[in-house]
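Novice: With chain H's structure known, arrange chain U on it following the hints.
Chains as they are written, first to last, in this note's numbering: chain H, 14 to 127; chain U, 46 to 947.
It is worth saying that the hints were derived from the structure and are not from the lab. Treat the hints with care, as some may be off.
[Said to hold, decoys possible] Capping the alpha-carbon separation at 30 angstroms, the derived lysine-lysine pairs in DSS-like fashion look like this:
#1 U/435 / U/59
#2 U/152 / U/59
#3 U/106 / U/50
#4 U/713 / U/759
#5 U/435 / U/50
#6 U/713 / U/744
#7 U/744 / U/678
#8 U/435 / H/85
#9 U/435 / U/875
#10 U/744 / U/196
#11 U/55 / H/74
#12 H/85 / H/48
#13 H/48 / U/196
#14 U/55 / U/106
#15 U/381 / H/74
#16 U/744 / U/381
#17 H/74 / U/744
#18 U/152 / U/381
#19 U/152 / U/50
#20 H/85 / U/50
#21 U/152 / H/85
#22 U/196 / U/381
#23 H/74 / U/152
#24 H/74 / U/59
#25 U/106 / U/59
#26 U/196 / U/152
#27 U/435 / U/55
#28 U/55 / U/381
#29 H/74 / U/106
#30 U/59 / U/381
#31 H/74 / H/48
#32 U/106 / H/48
#33 H/48 / U/713
#34 U/290 / U/302
#35 H/85 / H/74
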Amino acid sequence: MEDRTIDREWKKGSAELLILSLLDAMPRHGYEISKLIEQRSRGTLRFHAASLYPLLYRLEKRGWIQGLWVEKSGQRRRRYYQLTQQGRGVLAAQRQGWQTFVEAINLITGEENA
Amino acid sequence: MPEWKNQIRKRLAKLNLAAPREAEIVEELAQHAEDRFRELRSGGASEWEARRAALEEIGGKEQLAGELRATERPEAAYPAALGAASKGRFLSGLSQDLRYGFRTLRKNPGFTAVAMLALALGIGANTAIFSVVNGVLLQPLSYPDAGRLLKIYESTPAFGYNSAAYPNYLDWRSESTSFTDMGAFRSDNFNFTGTGEPEQLSGEYVSASVFPVLGVHPRLGRNFLPQEDREGAPCSVMLSDGFWKRRFGGDRNVLGKVLTLSGIGCAIVGVLPADFRFTRGEIYLPMEQYNSVELRTRESHPGLNVVARLKPAVSAATAQAEIAAISRRLALQYPKTNAGHGARTVSMKEDLVGSIRPTLMLLVGAVAFVLIIACANVANLLLARSTGRKREFAIRAALGADRGRVVRQLLTESLMLSLGGAAIGLLLARWGTGLILAAAPGNLPRAESIGIDPYVLLFTLLVSVATGVLFGLAPALAGANTSPQESLKEGTRGAGGGRHRAEGIFVAVEVGLAVILLAGAGLMMQSVWRLWQVDPGFNTHNILTAQVALSPTVVSSAPQIRMAYDRMLERVAATPGVRSAAITTMVPLGPSDSENDFWAGTGPQPPEDQLSSAMFSVVTPGYRDVMQFPLLKGRFFDSRDTLGSPTVILIDDVMARHVFPGQDPIGKQISMMVIGPVTVVGVVGHVKHWGLDADDTAKIRDQMYFPFQQIPDKFMTEAVAGLTLVVRSGPEPLSMVSAVAAQVAGSTRDQPLYAVRTIEQTISGSLAERRFTMLLLVIFAATALVLAAVGIYGVMSYTVTRQTREIGIRSALGATRWEIVGIVLGRGMKLAGAGMAGGLVAALVLTRLMAALLYGVRPANGAVAMLLGTVAVLLGAVALLACYLPARRATAVDPATALRCE
Chain H
14 MEDRTIDREW
24 KKGSAELLIL
34 SLLDAMPRHG
44 YEISKLIEQR
54 SRGTLRFHAA
64 SLYPLLYRLE
74 KRGWIQGLWV
84 EKSGQRRRRY
94 YQLTQQGRGV
104 LAAQRQGWQT
114 FVEAINLITG
124 EENA
Chain U
46 MPEWKNQIRK
56 RLAKLNLAAP
66 REAEIVEELA
76 QHAEDRFREL
86 RSGGASEWEA
96 RRAALEEIGG
106 KEQLAGELRA
116 TERPEAAYPA
126 ALGAASKGRF
136 LSGLSQDLRY
146 GFRTLRKNPG
156 FTAVAMLALA
166 LGIGANTAIF
176 SVVNGVLLQP
186 LSYPDAGRLL
196 KIYESTPAFG
206 YNSAAYPNYL
216 DWRSESTSFT
226 DMGAFRSDNF
236 NFTGTGEPEQ
246 LSGEYVSASV
256 FPVLGVHPRL
266 GRNFLPQEDR
276 EGAPCSVMLS
286 DGFWKRRFGG
296 DRNVLGKVLT
306 LSGIGCAIVG
316 VLPADFRFTR
326 GEIYLPMEQY
336 NSVELRTRES
346 HPGLNVVARL
356 KPAVSAATAQ
366 AEIAAISRRL
376 ALQYPKTNAG
386 HGARTVSMKE
396 DLVGSIRPTL
406 MLLVGAVAFV
416 LIIACANVAN
426 LLLARSTGRK
436 REFAIRAALG
446 ADRGRVVRQL
456 LTESLMLSLG
466 GAAIGLLLAR
476 WGTGLILAAA
486 PGNLPRAESI
496 GIDPYVLLFT
506 LLVSVATGVL
516 FGLAPALAGA
526 NTSPQESLKE
536 GTRGAGGGRH
546 RAEGIFVAVE
556 VGLAVILLAG
566 AGLMMQSVWR
576 LWQVDPGFNT
586 HNILTAQVAL
596 SPTVVSSAPQ
606 IRMAYDRMLE
616 RVAATPGVRS
626 AAITTMVPLG
636 PSDSENDFWA
646 GTGPQPPEDQ
656 LSSAMFSVVT
666 PGYRDVMQFP
676 LLKGRFFDSR
686 DTLGSPTVIL
696 IDDVMARHVF
706 PGQDPIGKQI
716 SMMVIGPVTV
726 VGVVGHVKHW
736 GLDADDTAKI
746 RDQMYFPFQQ
756 IPDKFMTEAV
766 AGLTLVVRSG
776 PEPLSMVSAV
786 AAQVAGSTRD
796 QPLYAVRTIE
806 QTISGSLAER
816 RFTMLLLVIF
826 AATALVLAAV
836 GIYGVMSYTV
846 TRQTREIGIR
856 SALGATRWEI
866 VGIVLGRGMK
876 LAGAGMAGGL
886 VAALVLTRLM
896 AALLYGVRPA
906 NGAVAMLLGT
916 VAVLLGAVAL
926 LACYLPARRA
936 TAVDPATALR
946 CE
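Isolated chain H, as found in the complex:
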């Protein structure tokens, strides 16, 4: 039971980290986010709209990101998401946590390899 919880939290946490990282550079809309995740992971990671948008809404509700309808001439209006101040803090913390986690894994897996 406990294992499953950790598993779910881990997955959710990593998805959040991915989205926050992508928004660190500039505001992006949902489709752009899903395409970038797919491209940069070279197709390994894919987020369906059915889970991507609920996640975006959740992050927005927590106040980490903020969605804004933006209209550019010649285009339909789109909802762009950007990091909030709080979101930047969370991203920094999560990056740190992820780094520590990866190093810990590397230490273990590296030792076994050696």
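Specialist: Just chain U, lined up with the frame of chain H:
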């Protein structure tokens, strides 16, 4: 694209999201599906394949709803989706409207605060004024069946409503059949001695029937018995609740105790209830205890008030006819005293509040204007905001909400605003009512019944609902008229000609109403200013006036009274700081007046209706030095005028012209009923006794002065009942009070000084009502000016924002800064100008209704034209400033940005 939306909507159906939120999610996901679809198609996929893949992205029904459920709080079915709400769903619809409205208002705190504040000002001011109107004009008097109570006045050739002669009252009472009963009362002062400090009490002589007629029952003891109200009966007294508590600490064993009042022992028989506020009297004595010849003759009208209660089936008109018929018979029977006299009835409430009604109605009108201006402002705010919400309305319309449903939602929001404003307004009103009461003239009748009661609350509720509908309707209809096709198109430039017209009309109306209020306030200010300029006919500075009462040990004989006053005046005049001192029976501009009938020459008395009346003051020789009015001819009184010398009189220039036109009045004789023939020895300047404003039009303006030392012995006791000491001082008069009081008190220390004030206070008091009206009008006008300025500013800055693109194009095409400022200013000033023109015309008409409250300004004269001109310039300047700020902003528009920002 719509097919994506339908698919997505189906998947969200279970969640019951709020319509705007659902629309947002649908739009965003549809966008995503469309992007995916296009990408797949451009990658070579068939349309069918691309479509299937895109839909798969969105996920199945359970998947999407399941993921969203955790994030999106479930909402009750949103009304927009209902289309036509059935009656059974009205209440649930209402609660949805309320919740949604609350969220909308909370999301725009700036807008909500400004709108509520404007409404709170308007509603609060209206509530405050209404609480005054309610307490003074609307609530019945606090007697049982008060509507059947009448006051009866004797009408004389000079006065429509004069106090009655006591014998006439007795005849009215015994001969009339229209009334259950009738009673009389008159105010007097009593010297209360015996227990502790001597004290001057204001009290009333009342006939035994007065309290039963009013329906008042004593809280302790009993009312007077008829046999106590007979000539020669032993004295009994009833106490007011206040006096009973103050002097006896509410002792229930007070009945039967004896009070010494002006030297006579009176047994206490009853105490009146606490809420009984009939007069300012502290004690009440039976009328017949007033031991004076004034009660026995039909020629005296000793300040007698008559109150009567109509029998249940009798109308006021019938009673009036009956009492007039009795008076006609009395006039035939006693032509010498009653010829030309009649009787008039008036409802007791009207008698009390009739004179203040025009003032209050003026204030009601003024404050209603303030509210309308506030409404126009809020309506404009809502109109501007509804442009921003066009898309929301369009989405709702597209989702099947009918027009009525949208109007209802918007009206709910307006009502929430106005009710919120009303809540703050009530607080303002509570505070404002206190301020009004503090600023109100001391003679504002029924001030004690002013307060916030259920009627006031009901009024506030009705006003705020009416207000909410008034300012909400135009924006709501404008909002509901939005065409979905237009609004959902890209870009936000919508067709809004009608809306902009409405804004223009609101601004013009605001400006017009502000003009009217400013004009009204200005007229009132001019009146008060002109009244201050009026010369009252004497030097009003540094005069102290106070009533005096002689020690009961000296009031027994006329020679003693004369000597006592002589000594008192000598002592007061010798006080350091006192320039001169005198005694008079009547203070100019004061509350009391006294008239005497006379005829020229020394012949026999003509019938009553051919006599003239003149104001009659009894004064001592020092009076002229105190008042410093001009002596135009002859001499003033001096020590030559004594009981033994020929009886003399002084008249004023008005009387001289009236009675002796073209002749020298000195040495001429006139005759008075009681006094007989007198010789005119001097003519003095007229003094405005009836008030700075009313004296010019008063019916009786002739004035006579009679020397105190020549009052015949038999009238001395009555003459000294209402004597006033007048003192001209070097230093500020109120600083002299204790020194003067010490001299008046005399060796026996039982001669109190009371009702002390300066002439300047008296004059100030006589202007109090106008000043009060002026003050409130100025406050309302200032509020109106600020609201109108905010209104113009709001609309102009919104217009500039909307026209950013146009301004950008113009400046790109080479328009200069000043041309652009000119365009914006021109538009704003056109609106303001239209409002001002309408307002000035309306002000000319409406201020005519104020004529009765004005002095020296007629709505058609040059000063008014000046005033209206000033108002126009003032408002014009305010409007210019309110337009200039947005105009300056317009010139800062960078053409490139402006063109891009669409």
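Novice: Indicate, hint by hint, whether the structure satisfies it.
Specialist: So, going through the hints one by one against the coordinates:
For the proposed pair residue 435 of chain U and residue 59 of chain U, the alpha carbon gap of about 27 angstroms is at most 30 angstroms, so the pair holds. Distance restraint check for residue 152 of chain U and residue 59 of chain U: the Cα-Cα separation of roughly 27 angstroms lies within the 30 angstroms cut-off, and the hinted pair is therefore satisfied. Annotation: proposed proximity of residue 106 of chain U to residue 50 of chain U holds, straight-line Cα distance about 14 angstroms (limit 30 angstroms). A hinted pair counts as satisfied when its Cα atoms are at most 30 angstroms apart, and residue 713 of chain U with residue 759 of chain U qualifies at roughly 26 angstroms.
Our distance criterion of 30 angstroms between C-alpha atoms is met by residue 435 of chain U and residue 50 of chain U, whose separation comes to about 20 angstroms. Annotation: proposed proximity of residue 713 of chain U to residue 744 of chain U holds, straight-line Cα distance about 24 angstroms (limit 30 angstroms). Restraint check for residue 744 of chain U and residue 678 of chain U: the C-alpha separation of about 25 angstroms stays at or below 30 angstroms, so the hint holds. Among the hinted pairs, residue 435 of chain U with residue 85 of chain H is consistent with the structure: their alpha-carbon atoms are about 19 angstroms apart, no more than 30 angstroms.
About 28 angstroms separates the Cα atoms of residue 435 of chain U and residue 875 of chain U, which keeps this hinted pair within 30 angstroms; it holds. Taken as a hint, the residue 744 of chain U and residue 196 of chain U pair is honoured in the structure, with Cα atoms around 22 angstroms apart against an allowance of 30 angstroms. At roughly 24 angstroms between alpha-carbon atoms, residue 55 of chain U and residue 74 of chain H fall within 30 angstroms of each other, so this suggested pair holds. Restraint check: the Cα-Cα separation between residue 85 of chain H and residue 48 of chain H comes to about 20 angstroms, which is no more than 30 angstroms; the hinted pair holds.
Under the criterion of a C-alpha separation no larger than 30 angstroms, the hint pairing residue 48 of chain H with residue 196 of chain U is inconsistent with the structure, at around 93 angstroms. For the hint pairing residue 55 of chain U with residue 106 of chain U, the CA-to-CA distance comes to about 8 angstroms; that is within 30 angstroms, so the pair holds. Distance hint between residue 381 of chain U and residue 74 of chain H is unfulfilled; the C-alpha atoms sit about 98 angstroms from each other, more than 30 angstroms. Pair hint residue 744 of chain U plus residue 381 of chain U holds up; C-alpha atoms about 21 angstroms apart against a cutoff of 30 angstroms.
Restraint check for residue 74 of chain H and residue 744 of chain U: the C-alpha separation of about 82 angstroms exceeds 30 angstroms, so the hint is violated. Distance check on the hinted pair: residue 152 of chain U and residue 381 of chain U sit about 83 angstroms apart at the alpha-carbon level, beyond 30 angstroms; violated. For the proposed pair residue 152 of chain U and residue 50 of chain U, the alpha carbon gap of about 27 angstroms is at most 30 angstroms, so the pair holds. A hinted pair counts as satisfied when its Cα atoms are at most 30 angstroms apart, and residue 85 of chain H with residue 50 of chain U qualifies at roughly 22 angstroms.
About 25 angstroms separates the Cα atoms of residue 152 of chain U and residue 85 of chain H, which keeps this hinted pair within 30 angstroms; it holds. Annotation: proposed proximity of residue 196 of chain U to residue 381 of chain U holds, straight-line Cα distance about 25 angstroms (limit 30 angstroms). For the hint linking residue 74 of chain H to residue 152 of chain U, the alpha-carbon distance of about 15 angstroms falls within 30 angstroms, and the restraint holds. Taking the CA atoms of residue 74 of chain H and residue 59 of chain U, the gap is near 21 angstroms; set against the 30 angstroms cutoff, the hint holds.
A threshold of 30 angstroms between alpha carbons decides the hint, and for residue 106 of chain U with residue 59 of chain U the separation of about 9 angstroms falls inside it, so the pair holds. Annotation: proposed proximity of residue 196 of chain U to residue 152 of chain U is violated, straight-line Cα distance about 60 angstroms (limit 30 angstroms). At most 30 angstroms may separate the alpha-carbon atoms for a hinted pair to count; residue 435 of chain U and residue 55 of chain U meet this at roughly 25 angstroms. As the CA atoms of residue 55 of chain U and residue 381 of chain U are separated by approximately 103 angstroms, the hinted pair breaks the 30 angstroms bound.
The hinted pair formed by residue 74 of chain H and residue 106 of chain U meets the criterion: a straight-line CA distance of about 23 angstroms does not exceed 30 angstroms. Using a Cα cut-off of 30 angstroms, the hinted pair residue 59 of chain U and residue 381 of chain U is violated, with the two alpha carbons roughly 100 angstroms apart. Between residue 74 of chain H and residue 48 of chain H the CA atoms are separated by roughly 23 angstroms; this keeps the pair inside 30 angstroms, and the hint holds. Taken as a hint, the residue 106 of chain U and residue 48 of chain H pair is honoured in the structure, with Cα atoms around 23 angstroms apart against an allowance of 30 angstroms.
Simply put, residue 48 of chain H and residue 713 of chain U have alpha-carbon atoms about 120 angstroms apart, too far for the 30 angstroms limit, and the pair is violated. A distance of roughly 15 angstroms separates the Cα atoms of residue 290 of chain U and residue 302 of chain U; the hinted pair therefore holds under the 30 angstroms criterion. For the given pair, residue 85 of chain H sits about 26 angstroms from residue 74 of chain H by alpha-carbon distance, which is consistent with the 30 angstroms threshold.
Checked against the numbered hints given earlier, this structure breaks hints 13, 15, 17, 18, 26, 28, 30, 33; the rest are met.
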